[in-house]
Structure formats: C-alpha cells, structure tokens
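Now for the letters of each chain:
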Amino acid sequence: MYKYNDFDEAFVRERVEQFRGQVERRIDGSLTEDEFKPLRLMNGLYLQLHAYMLRIAIPYGTLSGRQMRQLGMIADRWDRGYGHFTTRQNIQFNWPRLRDVPEILSALADVEMHAIQTSGNTIRNVTADHFAGASADEIADPRPYAELLRQWSTDHPEFQFLPRKFKIAVTGAAHDRAVIRAHDIGLQIVERDGATGFRVLVGGGLGRTPMIGKVIREFLPAEDLLPYTEAIVSVWNLLGRRDNKFKARIKITVHETGIDEIARMVEDRFAEIRPQFGGVDQQVLGEIQAQFAPPGFAAKPLDAYETAYAEDPVFRAWIDTNVAPHRRDDHAIVSISLKKHGATPGDATSAQMATMADLAERHAYDELRISHEQNVILPHVARADLPAVHAALKEAGLATANIGLVSDIIACPGMDYCALATARSIPVAQQIATRFEELKLERDIGPLKIKISGCINACGHHHVGHIGILGLDRAGVENYQITLGGDGTEDAVIGTRTGPGFAYDEIVPAIERIVDAYLSAREDPSETFLETYRRIGMEPFKAALYPEKARAHAA
Amino acid sequence: MSRAFTPKVVTANDLLLGDAIWLTDEDEWTRDLARAELIEDEAHAQLRLLHAQGQPDIAVGPYLADAKAGAKGAEPVHFREAFRTRGPSNYAHGKQEEV
Ligand code: HEM
Ligand code: SF4
Chain A
1 MYKYNDFDEA FVRERVEQFR GQVERRIDGS LTEDEFKPLR LMNGLYLQLH
51 AYMLRIAIPY GTLSGRQMRQ LGMIADRWDR GYGHFTTRQN IQFNWPRLRD
101 VPEILSALAD VEMHAIQTSG NTIRNVTADH FAGASADEIA DPRPYAELLR
151 QWSTDHPEFQ FLPRKFKIAV TGAAHDRAVI RAHDIGLQIV ERDGATGFRV
201 LVGGGLGRTP MIGKVIREFL PAEDLLPYTE AIVSVWNLLG RRDNKFKARI
251 KITVHETGID EIARMVEDRF AEIRPQFGGV DQQVLGEIQA QFAPPGFAAK
301 PLDAYETAYA EDPVFRAWID TNVAPHRRDD HAIVSISLKK HGATPGDATS
351 AQMATMADLA ERHAYDELRI SHEQNVILPH VARADLPAVH AALKEAGLAT
401 ANIGLVSDII ACPGMDYCAL ATARSIPVAQ QIATRFEELK LERDIGPLKI
451 KISGCINACG HHHVGHIGIL GLDRAGVENY QITLGGDGTE DAVIGTRTGP
501 GFAYDEIVPA IERIVDAYLS AREDPSETFL ETYRRIGMEP FKAALYPEKA
551 RAHAA
Chain B
1 MSRAFTPKVV TANDLLLGDA IWLTDEDEWT RDLARAELIE DEAHAQLRLL
51 HAQGQPDIAV GPYLADAKAG AKGAEPVHFR EAFRTRGPSN YAHGKQEEV
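Chains A and B are the protein sequences, given in the same order.
Residue 373 in the numbering used here sits at position 373 of the first sequence; the count goes up by one each step and never skips.
Residue 84 in the numbering used here sits at position 84 of the second sequence; the count goes up by one each step and never skips.
Just so you know, the hints here were simulated from the structure itself, not pulled from any lab data.
Take the hints with a grain of salt, since some may be wrong.
Computed spacing ranges between beta-carbons, pair by pair [unchecked claim]:
{"id": "1", "chain 1": "A", "residue 1": "R20", "chain 2": "B", "residue 2": "R31", "range": "53 to 63 Å"}
{"id": "2", "chain 1": "A", "residue 1": "K245", "chain 2": "B", "residue 2": "E42", "range": "28 to 38 Å"}
{"id": "3", "chain 1": "B", "residue 1": "A34", "chain 2": "A", "residue 2": "D243", "range": "53 to 63 Å"}
{"id": "4", "chain 1": "A", "residue 1": "E256", "chain 2": "B", "residue 2": "Y63", "range": "27 to 37 Å"}
{"id": "5", "chain 1": "A", "residue 1": "A299", "chain 2": "B", "residue 2": "R31", "range": "19 to 29 Å"}
Which chain A residues stay away from chain B? Per the calculated CB distances, all over 10 Å, these [to be verified]:
{"id": "6", "residue": "L98"}
{"id": "7", "residue": "R99"}
{"id": "8", "residue": "Q160"}
{"id": "9", "residue": "T196"}
{"id": "10", "residue": "E261"}
{"id": "11", "residue": "Q282"}
{"id": "12", "residue": "P387"}
{"id": "13", "residue": "A421"}
{"id": "14", "residue": "P427"}
{"id": "15", "residue": "E442"}
{"id": "16", "residue": "D473"}
{"id": "17", "residue": "G476"}
{"id": "18", "residue": "V477"}
{"id": "19", "residue": "E490"}
{"id": "20", "residue": "A517"}
{"id": "21", "residue": "P525"}
Bear in mind the structure is a predicted one, so any value in this text is a computation, not a measurement.
Each residue gets a CB set at the ideal place from its N, CA and C atoms; glycine is no exception.
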C-alpha cells in the first residue's frame, strides 16, 4: 500500500493548518461567506440541506485497517456514529460542525488521508477497479498508475481552475468494474507485443447529458501516461465551454469538436510537452510500484472451508453471491455488503468500520477497498479464513448475501441530505430492498442492478443501471422516471426512458411490475434481466408499467 | 406580467452547525419553522431578506421560501422545505427524533 513520503506529509499538514486559520477567520467575521466558500470547498467541505458535509478522498478506493478504524473514530467523535461511502470511492460525513472540521482533517492527516480536491473544478479522486491487484482477469494492478496520476494532479498549478470537475478512472482488466466509460478519461491497461500500455477513452460522463466515452488512443505506451493525460486536460482546458456550466464537461467538448479533431489536437499538444517529462515520472512510478507489491500470501489448508461450504447453507449462499475468484485459487475476494435490506446504501456505523478494520488486519493482509457500488471489499482473504470472516461479519450485521442482486442498490443521498436534490433516493432504495426481501424473490431474480439518483446530476449512476430511477420535482411533488437497459461495464450503454414518471408511492409497485415482466418473459432462470431486456426490448416492460395505455392501444 | 406575491419566510443555514434556521418577527433565528415570521408583503419580504443578509456570522445563504399559515404558525408549502424542518427521512435522527 502507498505510504506518504515527506513531501506528501508536509503538504497535507500545511493544508490542514491553513484551513484551521481560514475557519477561525470565518467564525470571527474577518472572512465573508463569499470569501470562505471556495476555501472550504477546496477542502471538501460543503454546506448541504441540514448540515455541513465533509467529503474525504479514498484514493483508488484503497484503505488500510488503521485508516478504516480512524474513519470510524471520526464518525463517533465528530459526527453521528456513521459515514457514507459513495460511488466515487469517497466517504462523506453528514454532520460535522464547522469548528470541528480542522480537527477532523488533522485526524485524517494522522493516517495519511485528506479531503483535498474532493470538490471544485479540478481533477478529482482518481478511481480504480475495486478488485485491483486481486482479480484473476487482470493484466496489471492499475493502482500504481492511479497513484502516479494522483501525485501529478494534486495541486497541479494549471489544473486548479478547469472549466468543470474532471474524473479519471483506471482498470487493469478487460471486464470493467470501474465504469471507465462514464468518466472524463477512462484508462484500461492493455498489452501489445509484450509491452504494457493503455487504451484511452475520453468524453464519458453521466449527469444532465449522459455520454459513453470514446476511444482516443487504442494503445498508449505506459511511459507516456502523464504527458498524454496532461495533453488531454490542457486541450480541454483551452476549448472547454466556460460560458455555460452545463456544457463545460469534456464530454460536450468531444461531442462538439468531434473525436478525430480532439485526437489531432491532443497528439499535437502531446508532441509539444512530451520532452518535458524527462523520466522522473518513471522513476517515481517505479517507487510507487514497489509499494504495491502483492502481500506475502500464506498457503493454508482448505478443509474447514470446504466443510463449512458443504454443510452451512447460509455460509454457502454468502460465498456464492459475495465472494469472487482471486488470482490465487486458495484465496478469494470478499465483498462486504453495505446494503442490508432496509438500510441506507453505503452507510457504515463506526462499530462496523472497526469490525471491517479488524478483519482486514487479521485476515486480509491489512487491505480494504471501497467499491463504486457503495460496498467494501476485502481483496485478499485465504479461503481457509472465510468461515471466520463470515461469522464476524454476521455479528456486525454485515453478512447480507446480496452482492449484484436486486437489493444491492446504488442510491445517491438525494433530498435526505443533498442541497441540489429534487427528490429522495434513499427511502426508495430502502423500500425496494425491503419489498423484494418480503417477496423472497431476490435469488430467483438473479443479477440485477438498480441505481437511483435524486436529481439529474446522476451521482447514483442511474443512466447505467439495468433499472435506473431518477427522482424529479413535478409541480412540488416527488416524481420518479425509470430507465431500462443501462449498463456500466465494458459494454456500457445509457438506459432508455420507459415513459412518464411515477409518484413516490407508485415507484416501488412500478419496479415490481418490471421485475414481474422479466420473470415471466425470461427463457429460463439463467437468462439475466439485462439479457432478457436486450432480447425482448422495451415494449413488454412498457405494457407492464402502463397497463391503461397498452389497453387503449389494443382497442 | 408579474405573478402575485405568495407568503414567504426567511430561511438560511446556521453558520456553526449548518442546520436550517428561520427568522422570527422578533429578529431572532429559530429552529422551529412554526415560529418564523410569515411575510405577506413583497416589499417587507425584501427588507427582511436584507436584514438576514446582514448577519453573515449566523445565517449562511439566506433566501425567501414559500410558506403558508397553519394552526401552529408557518408551515412549508414545498416538500423540500418540509424536509428541511424534519431532517433526513432514512433514519429517525436529527430533528425528527425531537418532534
Ligand atoms: C451530497 C453532495 C453532492 C453534491 C452537491 C453533488 C453534486 C454533483 C453535481 C453538481 C454533479 C454534476 C456535475 C456535472 O455534470 O458537471 C454531480 C455528478 C456526479 N456525482 Fe455528485 N454530488 C454529491 C454527492 C455525490 C455522491 C454521494 C456521489 C456518489 C454516491 C456522487 C457521485 C457523482 C457522480 C458519479 C456524478 C456523475 C458522473 C459525472 O460527473 O459524469 N456525488 N454531482
Ligand atoms: S444526484 Fe443530485 S441529489 Fe443525488 S447526490 Fe447528486 S446532486 Fe445530490
């Protein structure tokens, strides 16, 4: 795992002290809110609907046990005993008091964490595949490259006032678990003639105008990563629509200028700046890579695991849904669900954070990941330890066996917390999960991704949900629009709208009708919701959603 | 053609805690919307908003929110403002616990 060097340490400490002074000056009146707001946003501090909110970066989603435990401590001491993990591998605290924030930042610095560039028109937290370094299908660990990008982008003088925020995601596998196609830049590690490089995508994004990223370079040699990324950002920095906030993201620039023209400009710029990258970055990368060396995997006998799997149906159900293959047969990747039926997706209490920290230290070589699906991952667990891990998770209320199923819902904070929201998302997720739990249908339904956002900004990724739900305000009441067929993987597609939206008390029954329509239309239980949708299209679902219309049509 | 003025309250977030506050007719800030001054006159509403804007050490981002007269005092009109009186609905915490 990456350890701060002296520069990182001093830099973060200095920012904390600088912010401490700014908070003091805001409170004693020497700074106005207009002066203070950009300063607090530079430190991840928002003012939301009911309270301040502090957003903390978890670079490429990777955490140690100590860091996770510290987040729990912060939740207990300065918040209300819980934290909220987001789709961008951040954690948000929903109730800090202004006066306490410098102390919180200082407690974060103690464990090499911070909230810098988690807001504002800068390059945000670089995200990565949450199975990085562990999954069987990976070409190389994407995190050293993500860390290199983080170091390059943090406080980069040219990129602090970009036209809009900028998000980069990296994966080392062909199967995309990092939604790279919905990012401003998506990077996929590929091999060509034995050399490692990147397939570079640009111009993806969700929000008001959702778009899937386009390939700008099929193969970028790994050593060109920084100059090429810098070329992209600097071309956009020049072309980006500063006149119109809604058109400022690079996806619009790519759309308006055309990918070929953008590619030509980027290549020109790249040729210009390439010589400035004299190799220091590669030296730094080498040092970073050494820190991401795989743990010393311990070989342990599998008997106890095999017995538990054969004899305990609860354990077996959990293994079958929440545990994924590891690159070593005697290890596994464990996804801890933060989606207990009826709970707030992505929330963990301080006690749960402490449990996860303990488990990481005891059974997972001290590593945790946050997934963009708002779950927590133990990336390397010896199969022999799985019964013990499961037992501990069960005790902490963290053993819900629903990863990838209908109740494993992404939901943004929505109107329950977010000042920009036009409707609630969390209670909708809570009700859907509870409803399918009551129906005992979850396992029968199989893989199905529901994603919910409380406004068009799409923080809940609804466009790429198999079923997407978007909460809107229609004449002062909550209204929910449904999209179907979205996909955030390597086959990324933006979902299609079904038709008119549904009222708050109609949305759960509407989702139920969609699922029923799927269950009766699928060819056999192995055909997933998405496969069925792709085979039969929208019409049968529309008929189930709007029965009156279907009847009128037939008449 | 200007639209008819509908009653308003002055609301903001508290500087130190960040929670929702409303201005009363006694120039105090309250955490109970029912106690807020319900303003029926547009010119007066602008004056009260200016008054709130003059207190940046308490009130962050003051604005006029639609409200109506209820049995106990001012009541929200829009659901967003209703949520601001109660706090998040996913847990029974914050103000809901007290109400
Ligand atoms: C509660 C505070 C939040 C605020 C004020 C906020 C604000 C925004 C805004 C304004 C956008 C649209 C930006 C644009 O298109 O230029 C956006 C997009 C997005 N946000 Fe949030 N957000 C919040 C929380 C979250 C959370 C909790 C998540 C994760 C669950 C998240 C993840 C995202 C994602 C994934 C996008 C769309 C991707 C894209 O930019 O293309 N945000 N957010
Ligand atoms: S989608 Fe809208 S409501 Fe949800 S967190 Fe983002 S900005 Fe807030």
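Do the hints match the structure? See the list:
1. Take R20 (chain A) and R31 (chain B): their Cβ atoms lie about 28 Å apart, and the range 53 to 63 Å is violated.
2. Distance hint for K245 (chain A) and E42 (chain B): a CB-CB separation of about 30 Å, consistent with the stated range 28 to 38 Å.
3. Distance hint for A34 (chain B) and D243 (chain A): a CB-CB separation of about 44 Å, inconsistent with the stated range 53 to 63 Å.
4. Here the CB-CB span from E256 (chain A) to Y63 (chain B) is close to 35 Å, well matched to the stated 27 to 37 Å.
5. For A299 (chain A) and R31 (chain B), the Cβ-Cβ distance of about 60 Å falls outside the hinted range of 19 to 29 Å, so the restraint is violated.
6. At roughly 5 Å from the closest C-beta of chain B, the C-beta of L98 (chain A) falls inside 10 Å, breaking its exclusion from the interface.
7. The claim that R99 (chain A) lies off the interface is violated: its Cβ sits roughly 6 Å from the closest Cβ of chain B, which falls inside the 10 Å cut-off.
8. No beta-carbon of chain B comes within 10 Å of the beta-carbon of Q160 (chain A); the shortest separation is about 24 Å.
9. Distance to chain B confirms T196 (chain A) as a non-interface residue, since its nearest Cβ pair spans about 44 Å, more than 10 Å.
10. At the 10 Å boundary, the C-beta of E261 (chain A) stays outside the reach of chain B, the nearest C-beta of that chain being 41 Å off.
11. Once the 10 Å rule is applied to beta carbons, Q282 (chain A) is consistent with being away from chain B; the minimum gap is 45 Å.
12. For P387 (chain A), the condition that its CB be more than 10 Å from all CB atoms of chain B holds, with the nearest at approximately 32 Å.
13. Non-interface call for A421 (chain A) relative to chain B: violated, since the shortest CB-CB distance, roughly 8 Å, does not exceed 10 Å.
14. Not every CB of chain B is more than 10 Å from the CB of P427 (chain A) (nearest about 6 Å), against its label as outside the interface.
15. Separation of E442 (chain A) from chain B is adequate, the least Cβ-Cβ distance of about 21 Å exceeding the 10 Å criterion.
16. At roughly 8 Å from the closest C-beta of chain B, the C-beta of D473 (chain A) falls inside 10 Å, breaking its exclusion from the interface.
17. With a minimum CB-CB distance of about 5 Å to chain B, G476 (chain A) fails to clear the 10 Å threshold, and the non-interface call is violated.
18. The beta carbon of V477 (chain A) is not kept farther than 10 Å from every beta carbon of chain B, the shortest such distance being approximately 7 Å.
19. Look at E490 (chain A): its CB is around 33 Å from the nearest CB on chain B, clear of 10 Å, so calling it non-interface holds up.
20. No Cβ of chain B approaches the Cβ of A517 (chain A) within 10 Å, the least distance being about 29 Å, so the stated non-interface status holds.
21. Annotated as non-interface, P525 (chain A) keeps its C-beta farther than 10 Å from every C-beta of chain B; the closest such distance is 33 Å.
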